[in-house]
Amino acid sequence: MEKNNRLNAKDLINVGIYTAICAVLCTAVAMTGVIPIMMVLLVVFVPIINGIPYMMFLTKVKKFGMITIMNVLLGAFMWLTGMSYYALVVGTITGLVAEFIYRSGDYKSKKLGIITYAVSGIYLWANYFGIFFNADAYFATRQNFGQDYIDSVTKLLPMWMCPVLLVVDIVCCIIGGWIGAKALKKHFEKAGIA
Amino acid sequence: MEYRLDRNVHSLLDPRTKLLLLLTSSIFVVGNAGEKQMYVFYWILVFLPVVLLFAEKEWKAGLIAIVIYIGSYYAQMALQHDLTAVESALALMLYIITKILPTVILARYIVKTTKVSEFLTAMNRLRFSDKFTIPISVIFRFFPTVVEESRAINDAMRMRGIEMGAKKASEAVEYRMIPLIASCSIIGEELSAAAMTRGLDVGKNRSCIWIIKFRIPDYLVITLCFACFVWWIIGRFFV
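Chains as they are written, first to last, in our numbering: chain A, 400 to 593; chain B, 837 to 1075.
Hints in this document: simulated from the structure, not taken from any laboratory.
Heads up, a few of these hints could be off.
As the list claims (entries may be wrong) - Covered stretches of chain A, as calculated for chain B (at least 3 residues, CB under 8 Å):
no.: 1; segment: 408-414
no.: 2; segment: 460-474
no.: 3; segment: 525-532
Unchecked claim - Here are the simulated lysine to aspartate or glutamate pairs, EDC-like style, with alpha carbons at most 16 Å apart:
no.: 4; chain 1: A; residue 1: K409; chain 2: A; residue 2: D505
no.: 5; chain 1: A; residue 1: K584; chain 2: B; residue 2: E1010
no.: 6; chain 1: A; residue 1: K585; chain 2: B; residue 2: D966
no.: 7; chain 1: A; residue 1: K509; chain 2: A; residue 2: D550
no.: 8; chain 1: A; residue 1: K409; chain 2: B; residue 2: D966
This one's a predicted model, so the numbers in the text were calculated from it and none came from an experiment.
From the three backbone atoms N, C-alpha and C, an ideal C-beta is built for every residue, glycine too.
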């Protein structure tokens, strides 16, 4: 059978579903961001929790473009829910890169899948750009959170934390992806869903 | 018997207007751009969703929203003085509610009153690619489903004694995530089948049974949104 490389409705619906799941989980975790320390730890929890749906999503990816679309949508979601547009820009680029990485393994390799997740997950790190590079404007919109909150967040996030967060993000993505791959193997491959 | 289809039964606003309104609302209400200068527009944007709810005859939801608005307004007034720790946490909660609630109402209104085919057609007219509009419409359809499923799974797991905050946190997460994803992926298969019967894959232009065009309310809302942006840009760059 000739392999059809155009994205059809089924692929696009899969993208939609897994984006929705990731976005819901992300929101659920991000609600805890009102506590200053959690604000920083979001970069740890979100990748780990999102690992399972993302790895599941990757098993459905067989054509070029799906990962990019998902990242663009997640980035747009971040923007609409009051983060900055950095996530959208960075997410688009990393999504493309991740796409090429996953394609090099012929959309099959689990290891490359984990790396794909790590690369595409960088958009989470981009959410913090607002705090690092444009702190005044960022906190101007959050005056009512109280000065305590602003102080403790700025104290937790000095400039040198920026690269650290990137590393943490990638590491946590790899952990999350690994957990996801394990969960897939344990539950879905037996059941024949993945 | 003659069957007549009323092609105008859909909601007050065009899908495109609704999206523009959502964007405006998320920038100026949630994002709080412009602050003091946008004061009037801010309150218009806060109360517009409630007006829309009433326009769709959602009396109960609209009244609840108004009660919450008034309640949180007075509570914020009462919490103006120096705050203790508990009070400031409370004020923070209130703040988040008042910031996010209007946009949540608006989003709920959009999801409830927009048919998927309407949305797809409107987006198509804006020259958006199918590759983005189909996932977006699936996401909108799916948000409530995911929440509903996870609630049901949560109940089931509680019945078996697997609680959040139990000893094995990883187990608690795993036993919720896996069923959630499994059931969502099955729903996805069904959706794909439904999409196939609707001919999403044919690759030709789809027709839409609803008449989609801008009407007077649309022009009013669009003018309001553009006024917001213009006023904001004037304040930002020229004053």
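Outcome of the hint check:
Given as covered by chain B, the segment 408-414 of chain A passes the check, having 6 residues with a CB less than 8 Å from a CB of that chain where 3 are the minimum. Counting residues of the segment 460-474 of chain A whose CB lies closer than 8 Å to any CB of chain B gives 5, so the stated coverage by that chain holds, three being the minimum. Counting residues of the segment 525-532 of chain A whose C-beta sits closer than 8 Å to any C-beta of chain B gives 0, which falls short of three, so the coverage hint is violated. For the hint linking K409(A) to D505(A), the alpha-carbon distance of about 20 Å lies beyond 16 Å, and the restraint is violated.
Between K584(A) and E1010(B) the CA atoms are separated by roughly 13 Å; this keeps the pair inside 16 Å, and the hint holds. For the hint pairing K585(A) with D966(B), the CA-to-CA distance comes to about 35 Å; that exceeds 16 Å, so the pair is violated. Under the criterion of a C-alpha separation no larger than 16 Å, the hint pairing K509(A) with D550(A) is inconsistent with the structure, at around 42 Å. Straight-line distance between C-alpha atoms of K409(A) and D966(B) comes to about 12 Å, which keeps the hinted pair within the 16 Å bound.
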